[in-house]
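Chains as they are written, first to last, in the numbering used here: chain A, 1 to 378; chain B, 1 to 378; chain C, 1 to 378; chain D, 1 to 378.
There's no promise every hint is true.
When chains are identical, the list treats them as one kind, so a pair holds in a single copy or across two.
To be verified - With a cut-off of at most 20 Å between alpha-carbon atoms, the simulated DMTMM-like pairs for lysine to aspartate or glutamate come out as follows:
1) 39 x 72
2) 126 x 72
3) 264 x 274
4) 126 x 115
5) 264 x 284
6) 360 x 376
7) 221 x 274
8) 233 x 184
9) 50 x 31
10) 264 x 309
11) 50 x 33
12) 230 x 169
13) 150 x 295
14) 66 x 47
15) 264 x 296
16) 264 x 316
17) 143 x 296
18) 150 x 289
19) 279 x 289
In short, the hints are calculated from the structure, not lab data.
Protein chains: 4
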Amino acid sequence: MAQQLNIGLIGYGFMGRTHSNAYRQAPQFFDLEYQPILKACCARNQEKIKAFAANWGYESFETDWKTLVARDDIDAVDICVPNNLHKEIAIAAAEAGKMILCEKPIAMNTAEAEEMCAAVEKAGVKNTVWYNYRRVPAVTLAKQLIDEGKLGRIFHYRANFLQDWTISEDLPQGGEALWRLDVEAAGSGVTGDLLAHCIDTAIWLNGSIKTVSAMTETFIKERQHQLTGKVEKVGIDDACAFLARCANGSLATFESTRYARGHKALYTFEINGEHASIKWDLHDLHRLDWFDHGDESRVRGWRSIHVTDGDHPYMDHWWVPGLQIGYEHSFVHQVADFLEGLAKGEAVSPTFRDALETQKVCDAVLASGKSGQWVEVG
Amino acid sequence: MAQQLNIGLIGYGFMGRTHSNAYRQAPQFFDLEYQPILKACCARNQEKIKAFAANWGYESFETDWKTLVARDDIDAVDICVPNNLHKEIAIAAAEAGKMILCEKPIAMNTAEAEEMCAAVEKAGVKNTVWYNYRRVPAVTLAKQLIDEGKLGRIFHYRANFLQDWTISEDLPQGGEALWRLDVEAAGSGVTGDLLAHCIDTAIWLNGSIKTVSAMTETFIKERQHQLTGKVEKVGIDDACAFLARCANGSLATFESTRYARGHKALYTFEINGEHASIKWDLHDLHRLDWFDHGDESRVRGWRSIHVTDGDHPYMDHWWVPGLQIGYEHSFVHQVADFLEGLAKGEAVSPTFRDALETQKVCDAVLASGKSGQWVEVG
Amino acid sequence: MAQQLNIGLIGYGFMGRTHSNAYRQAPQFFDLEYQPILKACCARNQEKIKAFAANWGYESFETDWKTLVARDDIDAVDICVPNNLHKEIAIAAAEAGKMILCEKPIAMNTAEAEEMCAAVEKAGVKNTVWYNYRRVPAVTLAKQLIDEGKLGRIFHYRANFLQDWTISEDLPQGGEALWRLDVEAAGSGVTGDLLAHCIDTAIWLNGSIKTVSAMTETFIKERQHQLTGKVEKVGIDDACAFLARCANGSLATFESTRYARGHKALYTFEINGEHASIKWDLHDLHRLDWFDHGDESRVRGWRSIHVTDGDHPYMDHWWVPGLQIGYEHSFVHQVADFLEGLAKGEAVSPTFRDALETQKVCDAVLASGKSGQWVEVG
Amino acid sequence: MAQQLNIGLIGYGFMGRTHSNAYRQAPQFFDLEYQPILKACCARNQEKIKAFAANWGYESFETDWKTLVARDDIDAVDICVPNNLHKEIAIAAAEAGKMILCEKPIAMNTAEAEEMCAAVEKAGVKNTVWYNYRRVPAVTLAKQLIDEGKLGRIFHYRANFLQDWTISEDLPQGGEALWRLDVEAAGSGVTGDLLAHCIDTAIWLNGSIKTVSAMTETFIKERQHQLTGKVEKVGIDDACAFLARCANGSLATFESTRYARGHKALYTFEINGEHASIKWDLHDLHRLDWFDHGDESRVRGWRSIHVTDGDHPYMDHWWVPGLQIGYEHSFVHQVADFLEGLAKGEAVSPTFRDALETQKVCDAVLASGKSGQWVEVG
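So here's chain A without its partners, still in its complex pose (with noise of 0.2 Å):
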């Protein structure tokens, strides 16, 4: 009989979404054994929270982050507020002796990611922060093949994460629907959105980035604030690239930006290994192209594989090779693992010091980004 773990989230917008569902998938596809109850929800806005736990099926709601904090049956926080929220949540949460369940990125910058990092090391909370990339079964695989050492040493990795919903100058900034426009709410603008899932990738893949060097740009300057209904300036960055040094030897690059027309979510990354190679993209994120220079040279070329079997990592929880799964099954997995770490007494990455680490070659790279130096990692 699986024991209950009452989750209360905090937030109730497109990650309150794919968290809800995965707390509710989770169960079904995987034999647990604990089981998420979906206790309470919360946000300032009452009718909106309500409407959030009906649709759900939490069995309360709160309006007051703090309440639902000091609740005596939650046993973990889902943080899914802006990034500017993180924080102070996150360390009432861990000093009430919860579980942490945090959005990316972390927090606004390095600073305070440590401090998170030291409560809930000093509660001693289970805690894991929503890198959900990790958990695609295509990124999965990837990370066998390369523990395997299938690839050898590594001379390259590329990542890229690349959209186009930025590019009108009439889009205003800021509020519920597009705080990532606002700085005071996001910290930065592709660099913690976009990059830090790029970045919290390579370093689980390919290891540690020791310098980076970056160029960012914001180029739209000013957009109308929806909070104050002025014209006010652009405090993040549109678009960012750096190079990069990491600790295996290899060189890295990697880019973001809202304004590369044609592409929606397009994250891609490239790993050039000695004797393999592999390639992923979001928009097909049930694929992974593998280049195997040990096959027959005649035959050698990039595979296709469609990663749908039973064989592949999660695969065997769904339905059967051939029929591919989602965007949201990421956030079931992370559900699932962090359950079975519940389970087994261990933690599961990535950790609010992952996320830390990932936290500090973003500050790294806005660093570099304005004194157009090279900067070591924290």
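Keeping the supplied structure of chain A fixed, place chains B, C and D upon it in accordance with the hints.
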């Protein structure tokens, strides 16, 4: 407040899982007047159905489908058992006044399908058959484009459904997992299992099929039978290809096999019209290929549409542009549409009568495969 | 020092250009014992053939093919005229003791092709038919892999040749540029023009075709005829699809049309064997898709082979890996192979006799299209 | 009647072959007022240059380039030797009043390139540098579309040139075949060999590059030198990536390496504009990917343009739609354009001065790679 619709599901195999998931997921993502309640599930094996019920949250279970069909607290019967059981259950359910959601193909043959149609129509119960691929958003988009006349006169329709999972001679036939290889349980091989999907989509997109010339083959003539333990003749078609002439004057070709090494579940179709063409394949189900001859000639080319935007069919219910959904969502959409039709008092295709037309084509194909003659449909 | 081989080319259309280029190019890229000399070309229109001769460097030109065939200084006659002229010229050339390189399809029908075979075999002259696609390096690589047994038992062969250039009703038929639409000059439509290529490749790769069931259609029934100026019935097949059973037990499907909007010259084939599968298409002719079931299952997938390496067929004669060749090179390869065969005293396929077999399949296809019956190949 | 232009080609390696072929092919496919005559070729090794001359049909050969440059019957000197010899030959040729067609990169560094520019401009001789990729039809089409303003404001430019042929430590450096690995002969590694192409295209398509920040690496530090027989330090860059800011306000990223397992010669670029985006890659050089935001949103997607139609750049000179050309054709086009420019009395880009701008960027990149600072382009 949503009205409740009590579901009684018979069968707990692969389709039992996809349907159960669909009933659970539809209400969170669609605004529905009817709420499906997982009232009961049913299978002969008590241990297995008990576990299935527990996993999916069915309130109860039965081991005799007749008991389930007789229960007053069941509004709709969902039939997920081998094809040879469809008719008896469906007719009993209709006579009991239950709505019916039946797996495809509707029946073993046209005669059975006609009895079933007569039964549901006499009883006046809502009915549908799970030709789920109609509700993959890219396929639905194809339907929209065709219905808007964007293709003009249609010259060609071609569809394939290629798999490779039965190539080994060591694979047995029959029994729970492999009833699709047993002609007694399945009625036919790839024709009813795979081509039926292709035919349903073709009729939906391109209109009726008039005459067919088919070629069928059973590559491996004998396999051990799991029910008898003996090596027995294989009665199903391993592969089937057919030519067809359609009511709209277009030519069509269809092929299906379980011996196409390298393809897991590669359902593909292509339609060539006077002004535009469409291609789709199940291995990348979130994309639709579109060629518009009206484009400026220098920059004319096949467009790969990533069908994940808010103005694409069904997609405003899911995530954000660029984030793909998967196979199971087609079932969620069918549940949502069925419930919406219920609220409006409208039949939702494909109905039993729609599925009867597909069955007639299947029968004509099998007959042509035997006779070597062109056969008129129905 | 290379021996000279004096070429006399009849016809100056599209194929006249590809052949002339091939004769010019082969000696620079292949180490050949025979040097083709562009001795003479021939067409009825003096002004045009004079310009053609000047452009390509032919030493002389004729306006009557009989004169050309009779010239002592011509060693080989290349026939690039409409199909209805092949037989007479070929037989005359054979009787004059000339080698013959004839465009495909070899003839208007099997009877003609048999006469032609008899003539060249009686005369003992070298002969070949320009089924050039055999010598696209990716296609030749496919042949190597099949001949090495890498596919094992073959289950399926499918080939299409899709075009879209005759969709407009305003396109006339007949005359110099459009003789392929005139049944009197071409003998048939897509069957002889396009499917003949598919059939030649299929027989080469997969062995003989035994029986066929075909469907043909003429979508636009009347077109203005450029020779008569009148609107006349269209006698060719605009589209043709057929099912086939092959001598090796495999099933085959073929389709060709000039009404597939979006496809310019999309010749594709796929072969599914027990152990491996192959795909190729003419729109990316420098690639071969290869699936090897022997690969480790987790990283199994279709490989896209960029056929530009030194160990790929013919490619050591061209550039460096990664740099593709194009369409015309298949003709250069055929010239090189023909000349190499000459040096060795060996016949080089496809010979007239090979082309006769393809012609027999074409005739069976056209007969089946008319009769609606399965037809055995002659 | 065409005027004759006597070519004297120095060097008989890979580029000697591509140029010789281009001179031979251009007149058959383009209607030109000038006819290139293969008057003489030159290399120190008499046996090899004699064979080369015989193969390509050069009327004569020399073993001292100074003799060739001095010959009165030479109109144009084509320089296909290692980079460290470009300057001396080019200046001598200019002083002798010869036109010059020089391989890229123009020189070892900016200082040399400036001397060369001065020399040709002082002498008033026609000059060009073989940045051949500008004349791949798909790339030329990209130029047309950009120049027509179809992209609007440009935000991003990214280009990579990835190879994998030097990964083995056993590969030596230097000597005839491997001079590109010898810094004395090549000046730099991937920067001059590969990135120079990317930079030339970028400037052509997107305008000047203002500042750069680069990272260079030599993965294998020592290799046996073929000239000395000793293991020596490798002086070239094996890999180089750089960030750039362009005069039009766009951000650019560039990367090149010979250590990207799986890529033979994968030159790719992508341009993101306000209204449209473009992608191209050398491994499928006959295609251009095009995204037009102006398309109806439901059917918007990247178009894969098969650049083989008569209204595509250069393609009316070749075959018919659907039939691709290859790598070597870009050189044929450059010859045709050069000769056409000659007839019109116009300079044809890229001239030495154009190539000087590319050289300045290369130098800035190498300087930045050393200093770790952003460097302004000279």
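Taking the hints in turn, this is what the structure says about them:
1. 39 x 72: Answer is within; shortest intra-copy Cα gap is 11 Å, inter-copy 33 Å.
2. 126 x 72: within (17 Å within a copy, 48 Å between copies)
3. 264 x 274: between (32 Å within a copy, 14 Å between copies)
4. 126 x 115: Answer is within: at 16 Å inside a copy they meet the 20 Å cutoff, but 59 Å across does not.
5. 264 x 284: both (12 Å within a copy, 17 Å between copies)
6. 360 x 376: Answer is within: at 10 Å inside a copy they meet the 20 Å cutoff, but 29 Å across does not.
7. 221 x 274: between (44 Å within a copy, 16 Å between copies)
8. 233 x 184: Classified as within; 12 Å inside a copy, 52 Å across copies.
9. 50 x 31: Only across copies: residue 50 and residue 31 sit 15 Å apart there, 31 Å inside one copy, limit 20 Å.
10. 264 x 309: Intra 27 Å, inter 9 Å, cutoff 20 Å: inter-copy only.
11. 50 x 33: Intra 30 Å, inter 18 Å, cutoff 20 Å: inter-copy only.
12. 230 x 169: within (14 Å within a copy, 60 Å between copies)
13. 150 x 295: This pair counts as both: shortest intra-copy Cα distance 13 Å, inter-copy 14 Å.
14. 66 x 47: Within. Shortest intra-copy distance 19 Å satisfies the 20 Å Cα cut-off; inter-copy 46 Å does not.
15. 264 x 296: Between copies only: 16 Å across, 37 Å inside.
16. 264 x 316: The answer is between: 15 Å across copies meets 20 Å, while 29 Å in one copy does not.
17. 143 x 296: between (24 Å within a copy, 16 Å between copies)
18. 150 x 289: Within. Shortest intra-copy distance 14 Å satisfies the 20 Å Cα cut-off; inter-copy 23 Å does not.
19. 279 x 289: both (5 Å within a copy, 18 Å between copies)
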